[in-house]
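**Student:** In order, the protein sequences belong to chains V and H. With the working numbering, letter number 225 in the first sequence gets 225, and the count goes up by one each step, no holes. Positions in the second sequence are counted from 1; adding 1000 to them yields the working numbering.
Think of the hints as simulated: they come from the structure by calculation, not from any bench. C-beta: ideal position from N, C-alpha, C; glycine also. Fair warning: there could be bad hints in the mix.
If you want a taste of the chain H side facing chain V, the calculated C-beta under 8 Å gives, among others [as the list claims (entries may be wrong)]:
| id | residue |
| --- | --- |
| 1 | F1021 |
| 2 | I1025 |
| 3 | T1027 |
| 4 | L1029 |
| 5 | Y1032 |
| 6 | R1035 |
| 7 | Q1040 |
| 8 | N1054 |
| 9 | V1058 |
| 10 | V1223 |
| 11 | F1352 |
| 12 | G1353 |
| 13 | N1354 |
| 14 | W1433 |
| 15 | Y1434 |
| 16 | T1482 |
Mimicking SDA-like on lysine to any residue, the simulated pairs with C-alpha atoms at most 20 Å apart in a straight line are [as the list claims (entries may be wrong)]:
| id | chain 1 | residue 1 | chain 2 | residue 2 |
| --- | --- | --- | --- | --- |
| 17 | V | K50 | V | F112 |
| 18 | V | K215 | H | Q1093 |
| 19 | V | K304 | H | Q1015 |
| 20 | V | K304 | H | T1016 |
| 21 | H | K1129 | H | K1044 |
| 22 | V | K211 | V | G246 |
| 23 | V | K369 | H | Q1015 |
| 24 | V | K261 | H | A1063 |
| 25 | V | K261 | H | N1229 |
| 26 | V | K369 | V | L29 |
| 27 | V | K261 | V | F112 |
| 28 | H | K1507 | H | K1427 |
| 29 | V | K261 | H | G1049 |
| 30 | V | K143 | H | E1013 |
| 31 | V | K261 | H | L1228 |
| 32 | V | K261 | H | H1145 |
| 33 | V | K304 | H | A1063 |
| 34 | H | K1116 | H | Q1193 |
| 35 | V | K304 | H | E1013 |
| 36 | H | K1044 | V | V335 |
| 37 | H | K1427 | H | N1399 |
| 38 | H | K1044 | V | K369 |
| 39 | H | K1044 | V | T35 |
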Amino acid sequence: MPLIQQRRFDIFDWSCFVVTFMIFGIGLLTIYSVTSAVPFSLVQMPLYLKQVFWIFLGLIVFIFFATVDYHEIARFAYPLYIVAVILLILVFATGRTIQGAQRWVTFGTFSFQPSELAKVSTLLLLAKYFSDHPANQGLNIQKLFAPAGLLLIPTLLVLKQPDLGTALALLFIFFSIVFVIGLRSKFLIYLSLLSLMLVPFIGQILWSGLKEYQKDRILTFLNPAADPMGSGWHLIQSKIAIGSAGFWGKGIVGGTQSQLKFLPERATDFIFAVFSEEWGFRGVVILFILFTFLFWWGIDVANKSKDLLGILIAVGTVGLLSYYFLVNVGMALGVLPVVGVPLPFVSYGGSAMITNLGLLGLLLNIKLKRFVLFH
Amino acid sequence: MKARYFPAEETQEIQTRAYWFFGFIATVLIVYLARAYDLQINQKSYFEGLAESNRMRVVPIPASRGIIFDRHGIPLVNNIPSFNLYAVHGDMQDPEKVLTRLAGLVSIDALPRLRKEFLDKKDPYGTIKIKENLSLAEIAKVEGHSLDLPGVQITAELRRNAAYGPLAAHSVGYVGEVSKEQLASERYQNFRQGDRVGQFGIEQAYDTLIRGVPGQKWIEVNVVGQELNLLRINKPVEGDDIFLTLDLDLQKVAEEALGEEAGSIVAIDPTNGEILALVSHPAFNPNDLSEGTSAGTLLSLLNDKGRPLMNRAIHAQYPPGSTFKIIMSAALLESKDALPSNSINCHGFFQFGNRAFRDWKKGGHGSVDLHRAIVESCDVYFYQMGNRMGVDTIAKFANFLGLGKPTGIPLASEKSGLIPSTVWKQKVLKEPWYPGETLSVSIGQGYVLVTPLQMAAMISAVANDGILYTPRLLLKSKSRQTGEYQAVPVATGAKVPISKETLGIIKSALADVVATPHGTAYGSRSALIPFAGKTGTAQVVVMKKGEVKKALSKEVNDHAWFVSYAPVDNPKIAVVVLVEHGGHGGSAAAPLAKRVIEAYLAPSKQPSL
């Protein structure tokens, strides 16, 4: 046993740690920058200190997920999933409404976003399901039926809150896992033909199912100049912030767009625009390199994993993190519509920080287990 | 646990696809990086410009308007602080909501119009005035909700204040927002919507002098438009103070004298044309109009039947009635059509063809020469003389004395009155002149129309032995930059081609109008100051024989005129009084002139009012 412990430490992967902490640093600096105008007070802890607290809490969760065997964790996939669905239903009964959407459940003084649990449990459930039901010749429609159903329950519940960002995240986890497992070529052809035929209908159903503000956002994205003072405002201000920074940026606390509050949601959804304004193109390149490394590291974990469960968890995690990164950054750059999702490890927020660090712990867990051949 | 720890064949494929998955992510990342490069490197200067215009605001600093003083340096119009509510469209994400919220806090006049104007605004960072002169309670409410009201600011500004309200309102005028029509014209090409300009009276006439030059400041603002830093400032050039020729004390007396009556009193210095008092009733309060946003006030004034916005001294034209006999006398004496000593016999009417032109006095005046005709205002005498001279001679001398054309006072829209002639009638009415019409003209009726100011200039020219001055209101101006005074050059005045002898004969008769018991203004004679004048009673409606005036309402009552000057020797003031529908000039107008004259020339001896 001591030998194994020793080996574990040797093969402990410091690179992912270093990269993640660099990303934390970027996030904390940026949060500090946008809240520096707020005078320090003991009653109201500054936002960046709160974020440090969340990081610590997240690291505890990280250590838990990194050390307990992920097979053991995966055994709880179904119960966790059921709890998540029940909580999502509870949101409608007792949930708090924040900015027009019901996303929170309150237990006494503790508020909790069930959609975070839904992400983790859905990821684990799908990984577990597909590793328990391997499809040697690729997936066909029969094999997709059950997992698609399992996916749709939390997705629709989340969509109803309405939380488009999380609903799309669940779909993206599913698609990334299904993509790597592979579809049967015949099924792939049928599926693409069918989806082509269904596009207008589904489009219509989706469109009529959207809330007014969601429709507005999409229309605005297609033509932001049509309504520069209304919904297009965020997109334009974000592009101005990023564009005006140039190569070197305006420096910490130096961004006029962020300091003068022309950007909305500066510590959360639009934090990338704030960071870009302060650090310029060089900062964008650095951030992209860090995240690319993180994604590569996750894919590497999948490829070194010796079992299907590990592969799928790793791919799902990379799928989830990359979804948030790509949607958030794409929105700030004005190439995607405004969908309010946080930038992983950077945006302020406790729930997302804990979830993301937990998933990262799971990746490390899989990586550490690759040399353990037998139980 | 059923788990596999060794890679099977299919996990190989799966792991290959995982690389493809990474490839997909990396591709999107490269596209994003290209996008960031495009925004931050290629389009940097474009977005820099946008960021600058976001944070920088050029705010005009209005120049404070010059103060308007009376001739003795008493301020008539000054500037007082006022708290005004402004909104900047571009600082609001949801202007509609903010405006609705604002309307819930303070009452906003003409909200729908304002809303439309506000939401249609082309320049999103231009400020638009929502309300002026907020009360303290309103300021507290708006400040208390400032977080819910992005883009809404309260600014302390100077407001134009007429210190005496409606006193001398028509001379002083008012300030208002530059109108759309004005903005389109060349004179106002450098103005912006919302700018204040003089719109009436002196404020309008000397606007360029009073207005000054607005400054500008470049400020840094945050997203809700709050000013954070002053980056640069161009100070405004303050407008010049101006001193009017008006005498506040005399103006007060004249205002009180006219009282509730509609009409006008003009007091003028006959030696130089300076207007000492100018009253037009009904009046308005310039402060109501200078508040600007209350378009309703202006509209109600415009629609007021009493027409308070009309300056009756220059905008209203009346038949001069018997005051016209001064002109008739001058024409008669100069054209030598009759000697002053020639008498006629007045039986109370003048038979012309098959029509009898009546005298105001039923039994007639008996044997009347020129002097007596003026003193007693004998109509028959002037019917006869008018008929002898013809209308064109009368018109010539009327024109000599400044009638039939604007006096040239630099106030807007001055009317020219009307002095008819054969040429005029042929040209305008396309009809020949009928000799009978000359008789009406002879007693200041028919087509003849004059303004009170024209009559003031006319009687001044008589009083000063024949110099027609352009009436003026501006005495001097004072630069607030240098503190230097600039006197307005005194107009030399035009010599009227009427001999001193003629004017002397007329003046002695005008003195007797007041001084002798037969005179029509004898009842108004002054124990303090001897003055001269001529009454006039201008018919509004021609009475048919046997009609009784009493039965009719005031609207058809005659206009009462009195044109006068004092002292009789070496005149220092000329006063013209017109009381609309006042009745007889001798009883309704002359006493008012007397009050003004006594107040000006013998202020200490005057009984307290």
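**Student:** A separate judgement is required for each hint: does it hold in the structure or not?
**Tutor:** Results for each hint:
1. F1021: 6 Å, holds
2. I1025: Because about 5 Å separates H/I1025 from the closest Cβ in chain V, which is inside the 8 Å limit, the hint holds.
3. T1027: 11 Å, violated
4. L1029: 6 Å, holds
5. Y1032: The hint holds - H/Y1032 has a Cβ within 8 Å of chain V, the shortest such distance being about 6 Å.
6. R1035: 5 Å, holds
7. Q1040: 4 Å, holds
8. N1054: With a minimum Cβ separation of about 5 Å from chain V (threshold 8 Å), the hint on H/N1054 holds.
9. V1058: 16 Å, violated
10. V1223: Result: holds, 4 Å to nearest chain V Cβ.
11. F1352: 78 Å, violated
12. G1353: 79 Å, violated
13. N1354: With a closest approach of 81 Å, the H/N1354 hint is violated.
14. W1433: 69 Å, violated
15. Y1434: 71 Å, violated
16. T1482: 41 Å, violated
17. V/K50 x V/F112: 16 Å, holds
18. V/K215 x H/Q1093: 17 Å, holds
19. V/K304 x H/Q1015: 9 Å, holds
20. V/K304 x H/T1016: 12 Å, holds
21. H/K1129 x H/K1044: This hinted pair is violated, its Cα atoms lying about 35 Å apart.
22. V/K211 x V/G246: Since the Cα atoms of V/K211 and V/G246 sit roughly 36 Å apart, the hinted pair is violated (cutoff 20 Å).
23. V/K369 x H/Q1015: 17 Å, holds
24. V/K261 x H/A1063: 32 Å, violated
25. V/K261 x H/N1229: Measuring from Cα to Cα gives roughly 15 Å; hence the hint holds.
26. V/K369 x V/L29: Roughly 35 Å separates the two Cα atoms, so the pair is violated.
27. V/K261 x V/F112: 29 Å, violated
28. H/K1507 x H/K1427: 36 Å, violated
29. V/K261 x H/G1049: Holds, because 17 Å separates the two Cα atoms, which is no more than 20 Å.
30. V/K143 x H/E1013: 18 Å, holds
31. V/K261 x H/L1228: Measuring from Cα to Cα gives roughly 12 Å; hence the hint holds.
32. V/K261 x H/H1145: OK: V/K261 and H/H1145 at ~19 Å, within 20 Å.
33. V/K304 x H/A1063: Violated. V/K304 to H/A1063 sits at ~77 Å, over the 20 Å cutoff.
34. H/K1116 x H/Q1193: 15 Å, holds
35. V/K304 x H/E1013: Holds, at about 13 Å.
36. H/K1044 x V/V335: Since the Cα atoms of H/K1044 and V/V335 sit roughly 17 Å apart, the hinted pair holds (cutoff 20 Å).
37. H/K1427 x H/N1399: 18 Å, holds
38. H/K1044 x V/K369: With Cα atoms ~48 Å apart, H/K1044 and V/K369 exceed 20 Å; violated.
39. H/K1044 x V/T35: Distance ~26 Å between H/K1044 and V/T35 Cα, so the pair is violated.
In the structure shown, a violation is registered for the earlier hints numbered 3, 9, 11, 12, 13, 14, 15, 16, 21, 22, 24, 26, 27, 28, 33, 38, 39, in ascending order.
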